[in-house]
Amino acid sequence: MDSTLVLLALLVPLVAAVLIPLAGGQPNLREGITLASAGILFVIVASLVGPVLSGARPELGGFEVLPGLVVGFRVEPLGMLFGLVASTLWIVNSIYSIGYMRGNGEPRQTQFYVCFAVAIAATMGVAFSSNLFTLFLFYEVLTLSTYPLVTHNGNAEARAAGRVYLMLLLGTSMLLLLPAIIWTGILAGTLDFAPGGILAGKAGPVLTGVLLGLFVFGIGKAGVMPVHYWLPAAMVAPTPVSALLHAVAVVKAGVFTLTKVVVYVFGVENLASLGTADWLAWVAGFTILAASVVALQQDHLKRRLAYSTISQLSYIVLAAAILTPISLVGAAMHIAAHAVSKITLFFAAGSVHTAAHVDHISRMNGIGRRMPWTMGAFTVASLSMIGVPPTAGFLSKWFILEGAFSSGRWVPVAVIIGSTVLNASYFLPIVYRAFFREEEPHPAGAHGHHGHGEPHAHDTHAHGGGHGEAPLPMVIAIVVTASLTVLMFLFPGLPLGLSEAMMETRP
Amino acid sequence: MILDNLPALQVVIPLVGATICALIDRRRVAWPIALAISLVGIVISVALLAQVLAGGPISYAMGGWAPPYGIEYRVDVVNAYILVLVSVIGAVIMPYAPRSVAAELAENKQAWFYTMYLLNLTGLLGMAITGDAFNAFVFLEISSLSSYVMIALGRDRRALLAAYQYLILGTIGATFYVIGVGLLYAMTGTLNFVDMAERIVDVESSRSVLAALAFLTVGISLKLALFPLHVWLPNAYAYAPSVATVFLASTATKVAVYLFLRFFFSIFGARFVYADLPLTEILLVLSVAAMFIASIIAIFQDDVKRMLAYSSVAQIGYMTLGIGIANLNGLTGTIVHLFNHAVTKGALFMAVGAVVMRVGRHDLEGLAGIGRRMPVTMAGFVIAGLSLIGVPGTVGFVSKWYLAAGAFESGAWLLSFLIMASSFLAVVYVGRVVEIAWFREPTQAVASVEEAPLSLIIPTWVLVAASVVFGLDAAFTAGVAERAAEALLAGIL
Amino acid sequence: MDFLQTVVSHYNQWIAVFLMVSGLYIVVARGNMVKKLVGLNLFQTSVYLLYISPGKILGGTPPILAAEFAVYSNPLPHVLILTAIVVGVATLSLGLGLVVRINEAFGTIEEEELFARDPEA
Numbered sequence: 001m002d003s004t005l006v007l008l009a010l011l012v013p014l015v016a017a018v019l020i021p022l023a024g025g026q027p028n029l030r031e032g033i034t035l036a037s038a039g040i041l042f043v044i045v046a047s048l049v050g051p052v053l054s055g056a057r058p059e060l061g062g063f064e065v066l067p068g069l070v071v072g073f074r075v076e077p078l079g080m081l082f083g084l085v086a087s088t089l090w091i092v093n094s095i096y097s098i099g100y101m102r103g104n105g106e107p108r109q110t111q112f113y114v115c116f117a118v119a120i121a122a123t124m125g126v127a128f129s130s131n132l133f134t135l136f137l138f139y140e141v142l143t144l145s146t147y148p149l150v151t152h153n154g155n156a157e158a159r160a161a162g163r164v165y166l167m168l169l170l171g172t173s174m175l176l177l178l179p180a181i182i183w184t185g186i187l188a189g190t191l192d193f194a195p196g197g198i199l200a201g202k203a204g205p206v207l208t209g210v211l212l213g214l215f216v217f218g219i220g221k222a223g224v225m226p227v228h229y230w231l232p233a234a235m236v237a238p239t240p241v242s243a244l245l246h247a248v249a250v251v252k253a254g255v256f257t258l259t260k261v262v263v264y265v266f267g268v269e270n271l272a273s274l275g276t277a278d279w280l281a282w283v284a285g286f287t288i289l290a291a292s293v294v295a296l297q298q299d300h301l302k303r304r305l306a307y308s309t310i311s312q313l314s315y316i317v318l319a320a321a322i323l324t325p326i327s328l329v330g331a332a333m334h335i336a337a338h339a340v341s342k343i344t345l346f347f348a349a350g351s352v353h354t355a356a357h358v359d360h361i362s363r364m365n366g367i368g369r370r371m372p373w374t375m376g377a378f379t380v381a382s383l384s385m386i387g388v389p390p391t392a393g394f395l396s397k398w399f400i401l402e403g404a405f406s407s408g409r410w411v412p413v414a415v416i417i418g419s420t421v422l423n424a425s426y427f428l429p430i431v432y433r434a435f436f437r438e439e440e441p442h443p444a445g446a447h448g449h450h451g452h453g454e455p456h457a458h459d460t461h462a463h464g465g466g467h468g469e470a471p472l473p474m475v476i477a478i479v480v481t482a483s484l485t486v487l488m489f490l491f492p493g494l495p496l497g498l499s500e501a502m503m504e505t506r507p
Numbered sequence: 001m002i003l004d005n006l007p008a009l010q011v012v013i014p015l016v017g018a019t020i021c022a023l024i025d026r027r028r029v030a031w032p033i034a035l036a037i038s039l040v041g042i043v044i045s046v047a048l049l050a051q052v053l054a055g056g057p058i059s060y061a062m063g064g065w066a067p068p069y070g071i072e073y074r075v076d077v078v079n080a081y082i083l084v085l086v087s088v089i090g091a092v093i094m095p096y097a098p099r100s101v102a103a104e105l106a107e108n109k110q111a112w113f114y115t116m117y118l119l120n121l122t123g124l125l126g127m128a129i130t131g132d133a134f135n136a137f138v139f140l141e142i143s144s145l146s147s148y149v150m151i152a153l154g155r156d157r158r159a160l161l162a163a164y165q166y167l168i169l170g171t172i173g174a175t176f177y178v179i180g181v182g183l184l185y186a187m188t189g190t191l192n193f194v195d196m197a198e199r200i201v202d203v204e205s206s207r208s209v210l211a212a213l214a215f216l217t218v219g220i221s222l223k224l225a226l227f228p229l230h231v232w233l234p235n236a237y238a239y240a241p242s243v244a245t246v247f248l249a250s251t252a253t254k255v256a257v258y259l260f261l262r263f264f265f266s267i268f269g270a271r272f273v274y275a276d277l278p279l280t281e282i283l284l285v286l287s288v289a290a291m292f293i294a295s296i297i298a299i300f301q302d303d304v305k306r307m308l309a310y311s312s313v314a315q316i317g318y319m320t321l322g323i324g325i326a327n328l329n330g331l332t333g334t335i336v337h338l339f340n341h342a343v344t345k346g347a348l349f350m351a352v353g354a355v356v357m358r359v360g361r362h363d364l365e366g367l368a369g370i371g372r373r374m375p376v377t378m379a380g381f382v383i384a385g386l387s388l389i390g391v392p393g394t395v396g397f398v399s400k401w402y403l404a405a406g407a408f409e410s411g412a413w414l415l416s417f418l419i420m421a422s423s424f425l426a427v428v429y430v431g432r433v434v435e436i437a438w439f440r441e442p443t444q445a446v447a448s449v450e451e452a453p454l455s456l457i458i459p460t461w462v463l464v465a466a467s468v469v470f471g472l473d474a475a476f477t478a479g480v481a482e483r484a485a486e487a488l489l490a491g492i493l
Numbered sequence: 001m002d003f004l005q006t007v008v009s010h011y012n013q014w015i016a017v018f019l020m021v022s023g024l025y026i027v028v029a030r031g032n033m034v035k036k037l038v039g040l041n042l043f044q045t046s047v048y049l050l051y052i053s054p055g056k057i058l059g060g061t062p063p064i065l066a067a068e069f070a071v072y073s074n075p076l077p078h079v080l081i082l083t084a085i086v087v088g089v090a091t092l093s094l095g096l097g098l099v100v101r102i103n104e105a106f107g108t109i110e111e112e113e114l115f116a117r118d119p120e121a
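Sequences listed follow chains X, L and W, in order. Under the UniProt record's numbering, the first residue of the first sequence is numbered 1, with each subsequent residue one higher. Under the UniProt record's numbering, the first residue of the second sequence is numbered 1, with each subsequent residue one higher. Under the UniProt record's numbering, the first residue of the third sequence is numbered 1, with each subsequent residue one higher.
Excised from the complex, chain X in its bound form (with noise of 0.2 Å):
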């Protein structure tokens, strides 16, 4: 019954993948696949956390591609999280994608939502893998078909931006993550993953600092600097996509992958005893602290954005060098709440594209008054990427403090609280702005360069002619998903239960 559920999960998304295309006329009927599509898929993935928290681990016996090469599937705690977290985002996502793309009159929308259903699926297959390969096999699969919707809007700037998404995410999975599951399989005989690390005791210190300097950085999603850049380059993309690829699938597919290489290909004590694996606390440091100072000079907000999940990546990869349980819980804690906080800030950038055409921080002043909701979802959310209660983002910044206390090093621990100052200096000022700042009038036309190149690009007028709210649907997105920030952070049960699991239980 159970492996039925797994394998219904990987389906249901590509089923809407076909049915969308021949609804294209339909624009209606298409929003009702996708929608229904969404809900199905998220009833069959919560029902399976109840027999994962319990204890199971329901597996679907995939086909073997080559010996030793198998496509096959188990749902172990920390893939449960992340699917979790995905199919309830994509509901929400695809509310907010129905209001934007109208509201902004988007080309090719039966196209977007073809890819945005394949990604899931993608999605879907990368966090119920039960080894490597098909880990791999799904992370490419997510690459490529989130491709066509970082180059939705088809203009150089959009191409440009494509190219870069591609060779960075294509060639560090292809040059480092590939050989390094090759090197992997090779030394540990098998590509399973399994608790306690398939390479303990298989490789010696050195060998083991290389391959797992192979992983981080052939993660490209994971955006460990100097690997982060495809981020703000997919900026140009519709803000749906962002949100997709910030909150939903693509980064946290990086910084999933890379926990669950760290706890079930390495072992978390294995790396701690051979004590190569050290250098990964300062990357991520550095990158945290790096992102967060070029956010800080970012005016763009959705740049702002993309450096801000390059920095919280960082936090979860920060977690994982941490090397003790503990912070680990954090880790997976992170991954859930980050994503509802950071898919709530996007959505609000979408909002205020779509209803103020601004997409510059600085032409925002004021315009909380006229966007209470978007403004205050956005508040809230930025108060949980500060790390701020009763938001989820305290509470795994908690977990990951506490690791990194009960390990004795200070570095981590330096590193947060820098980075929570940084945090707080470039989102409270946005907040102040939107609500405190007076509303200026904008001559016509005086606006510098917009993120947006199609025909329509009324970015060029400024905000304050008679705009108010966004679209009902995103409203609607927004509320929830803001709501969802607090809600994680009043009844963790869920998130925190299956985070121990991974930890604890033997998957």
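Calculated from the structure, these hints are not laboratory results. Hints are supplied without guarantee of correctness; some may be wrong.
[To be verified] When the alpha-carbon atoms are kept at most 20 Å apart in a straight line, the in silico DMTMM-like pairs for lysine to aspartate or glutamate are as follows:
(1) X/Lys202 to X/Glu269
(2) L/Lys109 to L/Asp25
(3) X/Lys202 to L/Glu409
(4) X/Lys202 to X/Asp192
(5) W/Lys35 to W/Glu110
(6) L/Lys109 to W/Glu104
Let chain X serve as the given structure and place chains L and W on it in line with the hints.
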């Protein structure tokens, strides 16, 4: 009775068919004959493969003259696999051929095209099946001469120059091969592969044998377009009629690689070739050079067919790389890549052929916006392109996996990074086409075209599907390839 | 002295090598497409000699079994070269046919002129 004579029939049927096509000289008759023969070819080759897998090598005495005096046709796992490959590709392009050929060739030349196709098929199958060194030369020349003609039939006048250039280099290559065989004959007194392998052990220290090895290596390398002996290939592929390009790209170089394997492993013996001579190093250096230089040249091509042709040179580099690595995984990678690349490149050239039929050109600019006008064809191109890159879930990945694993096992871990790096170059040139085809506004010429007819789309997608299906379930292809590699490596394992 | 003897006794091979190299040289050095084919043919012909000359055995007779002869020439190289000659003739005629077509299409068979007139080629 028929079952016993399958090895002969495999070669004789297309030869007879070619004669009939030439004598009747009617387009409407020639195509059905060619189609029927190509289908029969599949049946025979699959039956042979099944026999070999079940009962070991088959020896067939041509004309009843027992080896070593008569010509022996000898089928083992290695060449049964090649026979299946050639027959399958040959048959898949036949449904594709009539529309494409009709669009590109004058009516009075079409029957001759099918004649040349059947002769080429004869030559390639013959090269693969024969167990006699000189007989292999004859088939090599049959396939070469017919491919010169097929290339020259291209409608661009530069096709003539390409064919001429190929003729010169191909003949030099074939003559080198004959010299090598002549020296071996002088030393061993036999032309039969099996006999030769037994007797060469006694004389292997002589300079004549070394010279023979050198001549054979260079001669065959010219035919398989090993870098830097590839110069004939890009123009030949670019200006030949689309169907000829598909067929040659998918089969001709593959059979030459087979001949290479046969001489290196079965006759000279891996121990002799690898232990005593610096051939490993030479092969590895040339292969890596092919993988990078040809890929980089491909990036700068403005013509899709030329681009794919240079990509073929790079992919041949992968095959010879596996020969250079010379362990089980590496050689399996080579052999499985013969099939995988044939399927992938065949699909790509077919997709381009469909575009040529509709738009009439194959330069990159001419493809602007074609993805919106011919979405099914170009979707096939994209998927096959992914296989060329080696994305997991495609056949290209399977080959790369074996090659990289082989490189790691032999301790040459740098080599496996080079394999990945060069496949990354494929991202660039495939990406260029994708960008122009899907993201440019259609030009005037493109805006009015329709999707290709089904007779072109279906064969294209058969190969596209094959490059995904055998990428997800490689048990059969890789299994056979591994058995073939084991057989070849028996000398040093 | 021994060395000289070895060199002289292999005179047949020296001739073959000389023809081979000069043929290849013509192919490479000449720009005229017909002359290239002549060179190619010379190159091929040298190989015929290489094959046939070792088949001749001093004092040997044609390989017809008879009681009074014990030493026979090897017939196999002749058979092989007969085939090779056929292949060579086919190649040469196809090559010449191509040259005729090239002359029709481009108006020249000199490579230099050809590239000067049509840089794309």
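Against the structure, the hints:
1. X/Lys202 to X/Glu269: holds (14 Å)
2. L/Lys109 to L/Asp25: holds (9 Å)
3. X/Lys202 to L/Glu409: At roughly 15 Å apart (the allowed maximum being 20 Å), glutamate 409 of chain L and lysine 202 of chain X satisfy the hint.
4. X/Lys202 to X/Asp192: Since the Cα atoms of lysine 202 of chain X and aspartate 192 of chain X sit roughly 15 Å apart, the hinted pair holds (cutoff 20 Å).
5. W/Lys35 to W/Glu110: holds (10 Å)
6. L/Lys109 to W/Glu104: OK: lysine 109 of chain L and glutamate 104 of chain W at ~18 Å, within 20 Å.
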